[in-house]
Amino acid sequence: MNNSITARFKLDYGEFQLSVNLSLPNSGITVLFGHSGSGKTTLLRCIAGLEQAQQGYLEINGNVWQDSDGGIFLPTYKRPLGYVFQDANLFSHLTVAENLNYGLKRIKTRFDKPKINHILDLLGIQHLLERMPDCLSGGEKQRVAIARALVLNPEILLMDEPLASLDAKRKQEILPFLSRLNNELNIPILYVTHSQQELAQLADSLVVMDAGKVLASGLLSKTLSRLDLPLSQDHDAITVWNTTIVEHETDFHLTRVLFEGGSLSLPAIEGSFGTPLRVQIYARDVSIVLEFPRATSILNVLSATIADIADGKNGQSIVCLKVGGQPLLAHITRKSVAVLNLKIGKMVFVQIKGMSILN
Amino acid sequence: MNNSITARFKLDYGEFQLSVNLSLPNSGITVLFGHSGSGKTTLLRCIAGLEQAQQGYLEINGNVWQDSDGGIFLPTYKRPLGYVFQDANLFSHLTVAENLNYGLKRIKTRFDKPKINHILDLLGIQHLLERMPDCLSGGEKQRVAIARALVLNPEILLMDEPLASLDAKRKQEILPFLSRLNNELNIPILYVTHSQQELAQLADSLVVMDAGKVLASGLLSKTLSRLDLPLSQDHDAITVWNTTIVEHETDFHLTRVLFEGGSLSLPAIEGSFGTPLRVQIYARDVSIVLEFPRATSILNVLSATIADIADGKNGQSIVCLKVGGQPLLAHITRKSVAVLNLKIGKMVFVQIKGMSILN
Amino acid sequence: SYADTTLVAVASDFIKPMTEIAAEFEKATSHTAKLSFGSSGKAFAQIQNDAPFELYFAASEQYPLELEKLGFAVENSHFTFAIGKLVLWSQTSNFVDDKGDILKNGTFKHLAIADPSHAPYGIFAVEVMKKLNVFEKIEPLFVQGENIAQTFQFVTTGNAELGFIAFAQVIDTQTGKIGSGSGWLVPENLHSPFNQTAVLLKKGENNPATIALIDFIKSPPALAIIKKYGFGLPTR
Amino acid sequence: MFSPADIEALLLTLKVASLATIFMLLFGTPLAWWLARTRSKWRGIINTFVALPLVLPPTVLGFYLLILLGKNGIVGEFTTWLGIGALPFTFAGLVVASVLYSIPFVVQPLQTAFSNIGEQSLEAAATLRASPIDTFFSVVLPLSKSGFLTATILGFAHTIGEFGVVLMVGGNIPDKTRVVSVQIYNHVEALEYTQAHWLAGGLLGFSFTVLLILYTDLKITPRVK
Amino acid sequence: MFSPADIEALLLTLKVASLATIFMLLFGTPLAWWLARTRSKWRGIINTFVALPLVLPPTVLGFYLLILLGKNGIVGEFTTWLGIGALPFTFAGLVVASVLYSIPFVVQPLQTAFSNIGEQSLEAAATLRASPIDTFFSVVLPLSKSGFLTATILGFAHTIGEFGVVLMVGGNIPDKTRVVSVQIYNHVEALEYTQAHWLAGGLLGFSFTVLLILYTDLKITPRVK
Ligand SMILES: Nc1ncnc2c1ncn2[C@@H]1O[C@H](COP(=O)(O)OP(=O)(O)OP(=O)(O)O)[C@@H](O)[C@H]1O
Ligand SMILES: Nc1ncnc2c1ncn2[C@@H]1O[C@H](COP(=O)(O)OP(=O)(O)OP(=O)(O)O)[C@@H](O)[C@H]1O
Ligand SMILES: [Mg+2]
Ligand SMILES: [Mg+2]
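Chains as they are written, first to last, in my numbering: chain X, -15 to 343; chain P, -15 to 343; chain S, 16 to 251; chain U, 577 to 801; chain L, 577 to 801.
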């Protein structure tokens, strides 16, 4: 993974200024994260060429798409990208099928029919093909919009909160598909979301935006466990570990996975020995004990060292632990920090509830 | 709380049929929950009179708004309601301020100036008043739309995924405000959402929809713990308890609250003795042990009886426990059920991580 | 006597003399004559539909006679007030000879005439060409104006090299001859009499101003004006 | 330069055109709204009838209007019965004829503008307590500003330039129905080209100013973003 | 019923009106698009110039065109230089004059329709690889269907009914430039009222059919939901 996407933009809306200087990987999924109004959509529009920044430089895989100094500005339609708008933005005069075909007709290297059908199935829109957009529900529109961008087989995929209007179940179907799509076709994805869950499940890299500026950007696990970012304070603060499958305990429907520094038991997951697996651990699901517990329903108890402690809101403490080489965030009460006498460098046991580990 | 909203609708879109017969409370917040395309928006539109159902009967607080048998159909503009559309649907020719004023000018009993300003502050749109909607971000538009409906001081508030495009922080500010609004002004709110979190935080009642029909409806705590509904299977399955504050442990920034059958320690929360407090417990945050544990960072350990056990997905089991009189859902592995030999009627201890309890 | 006003419908080709006559009429009688111009056919249709006209000066005999027959005009009140004079004219000097031979052996692309289906000047122009046996040859070169004013415009703008127009349109009122370009004043014997005829309408029967105008148009000052503008005078 | 008669004609024209435009907007707006929204089968037919007068040459249309509005025509009998008298050769008749002839230029652009207004805006207005009429004025009108501009300009300009109908129905009567287009016609017929040029030039100059003000002041600029 | 001359005039009219409408759409569409999208200062002025010919009485406009297009006029000299010759009294001249006179009726409704198309649709098309021209045909055109319908109908009908300009520039030459409006006019002037009624009736009937087909077949129905 090398950072061969360079994006520098300065744009002034009067009351809002975008000013970014980013170097992003040209593979994997990069999540843009930030408050409402922080400039995520604006950045995506600049990359797509929908907004022409006063100063801009954009290079993707060695191709310069924009260079305001050199007078280069590739118009949007010449940029081989896929864009999912924040509002679905379907063509109201075309049926769903025609909306999908619109882009398909205009590209050269197309997916084959089964692949396209697979996309439509996955998004659950096969039965809607003959409908007009005005006769779709909010979520249905959004799914059609995603499909319309996906079938383009683009060199880079820009997605602006694509799943905001979808229910949890549908999200759980689409998210892994996006990951897989990304792996199989090696299309880098720039993905805007507010949801910690989507972030954890998808992101390889993370860009945190605030007021038109980039607060932090980098690999997911490193960026997530930085106690100086507001992320670690969030109710939904998480750590993400990359693991590989080592064993299936079929009796108990469990799978053991290996990470740098130990192993974890997860609910059974399909996959052969060595399959990489991403594991997300909510900071609130991590508890700290001094003695190794017996007779508990918690399956995963690991030894760890305390690396850092910071104060959170409402009497909370945020503890950054090292488990083997891996960082792990834990949210515990300040009372517990006092009772257990937690200090930086202290050796402890962490309990991780098996059920809270995802995909 | 009496069920003085009666809503019966039959509507046929060809490929989709809405057929509901609901009796809803005329106070508190009722959440409409269901997959994309299940008919939530359609139901809301019927109630608002935007869609005229072939057969329909709607009575609110004794006033019949619609009765297809009696030939009654109150047009939308005569129904004293507030509606937040799924897409913000602002008037593109009016500034934000003018959008807000549009409805205000047309009602008789208005909020006073400070109240309106409070709403604008809370939604963080004071600085946007002079903007045109085209110059707003997606989340900003949605917040203006919410404000536009709220300032109407309506008799019933219909909200279609109002917070879908907002970040967690903003949601955490708006959600309690909606609850308070509801309490103070006694405006019943019908609220569509996909988010379990919004559901738990807001809902007094719950309507679960699927394919145009109502799967279940009733008080939140009862509906949530029904093992026959898909809700209890969700990754984010929860139980919600109503509690009251009994004690503040200021040293440790903790608050103790009382519920039917015991007490809980929570991160410090403001409120005097007796203040009611809603507590949400994720099923995945509940673990079951047979012995009372010592030296753990988990503050809340309660004795419970196993009321029911069902099989979940991927080797999970869903356990419904009774803690005192309260139902409590726990997601644990099937292995644990076997190891701990859990059976209906068995007495156990449940550990609830202090940090996972929300306001 | 009291000053009365009469409303007169006037064929377009008679605008100039009629305007001057009306002014003189006012001076002489202190009555007023309001003039409404338009093609004869239009006025005819309007009179049939209750137009408030009291006197009608048409470019030909046909319409006044018809109106008498239909009862819109006072019976036997029609009279000839002027004789139309046709001229074959070109903007270019020395283009049209004073015998009209150009019709027989000249070369030109377009000849403008007023539409012979209804405009009197067109009808008489056709008669002239037929008499000279050049009609068949020249007909394909026709461009036709709706009325004589448009025909004149075809020629003055140079788009038609020559055309049959009213002598009144090119007369130099100082000299009484063709003012510019070149032209052939068509002898009256080459077509049937071009009697421009007026008629008293029922609406004007009892208006002293109308009756006074009928008298005035036959008076020497009026006849002088008619002559000055290139019309022949009626023989009595 | 301008004779008193020219000036009279100019003023009369202005009066006719303004009045006719106002009436066209008054009648045309509800008609266009209905045409834009209805799903009735009559829609196509009504639409056709609105556009139909256009295909007739103005003088011919004028001729038929003369018959229709004249005291023996259906409309004429009705207006006579009403005590107004027959309309031809009166100022009122001039306005009526102009309205009938130019109304497609008002109805059609309005219809286009109206049919472009999405249902959503109307729904938003309804949930904000605006009655349909109220919605029309507070939402539909401002959103169809450019359609109204087009309608007003086309209607107004076409009424000024119109000539055949006016001549036929009005009768070219000085200071009563002699509008400027007829006056220019008179000058041309009388071969008073200089007068005609002046009057045409004046009319153009005046109209240019009015149109330019309309186009720039109302600032129908393209939408942003 | 119809004399051969009538039928000739009808056919000629159809040819002129169709050709003129096609040219008006060809020139008017890009012009309208530019007017709808530009923020240039020239916008108001160009808009004014487009609408301006309307205010002149058709015969007067025809007179000026005759001068302009005539072999001594600027345009005439140019076309002569091109080897086409002067345009007056030719079929081509007829079409040119009709286009100049009726083009506001095409440009204005198109402009209204275009300015109603949101930027978003254009952006969606751009992200789907459609070039601006491609977008115009695949998105703008279908979304402005009702504007095009209006433009076509107004332009076509107005060209049929037009009379003054056509007469002046065309020269009313039988089976070359004598269109049906002139023919009907002639019948009226010649007091051949029966002939006039027949021809006017035929024209109305024909136009009615064409318009009705346009209005119903293209199904510009209001948008749903
Ligand atoms: N055309 C415009 N003119 C002026 N300001 C604009 C314009 N478009 C966006 N803005 C402002 O720029 C800021 C960033 O907008 P942007 O749409 O990028 O936010 P975002 O991060 O996508 O927010 P959200 O999560 O709400 O969609 C906002 O404050 C918005 O009001
Ligand atoms: N005008 C219409 N004509 C035909 N079908 C429609 C129409 N509007 C909605 N539908 C269909 O009705 C169903 C219910 O739509 P609705 O908008 O109520 O769903 P929803 O529950 O709000 O979904 P979402 O969460 O995606 O917004 C969908 O399958 C949709 O396709
Ligand atoms: Mg955004
Ligand atoms: Mg919906």
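Don't read these hints as lab results, they were simulated from the structure. Beta carbons are placed, not taken as given, at the ideal position from N, Cα and C, and that holds for glycine. Watch out, some of these pointers could steer you wrong.
Label pairs and their computed distance ranges (CB to CB) [claimed, not checked]:
# : chain 1 : residue 1 : chain 2 : residue 2 : range
1 : P       : 99        : L       : 695       : 34 to 44 Å
2 : P       : 152       : X       : 156       : 45 to 55 Å
3 : P       : 96        : X       : 9         : 24 to 34 Å
4 : P       : 327       : X       : 240       : 23 to 33 Å
Okay, the hints, checked on the actual structure:
no.	hint	result
1	P:99 - L:695: 34 to 44 Å	37 Å, holds
2	P:152 - X:156: 45 to 55 Å	19 Å, violated
3	P:96 - X:9: 24 to 34 Å	54 Å, violated
4	P:327 - X:240: 23 to 33 Å	27 Å, holds
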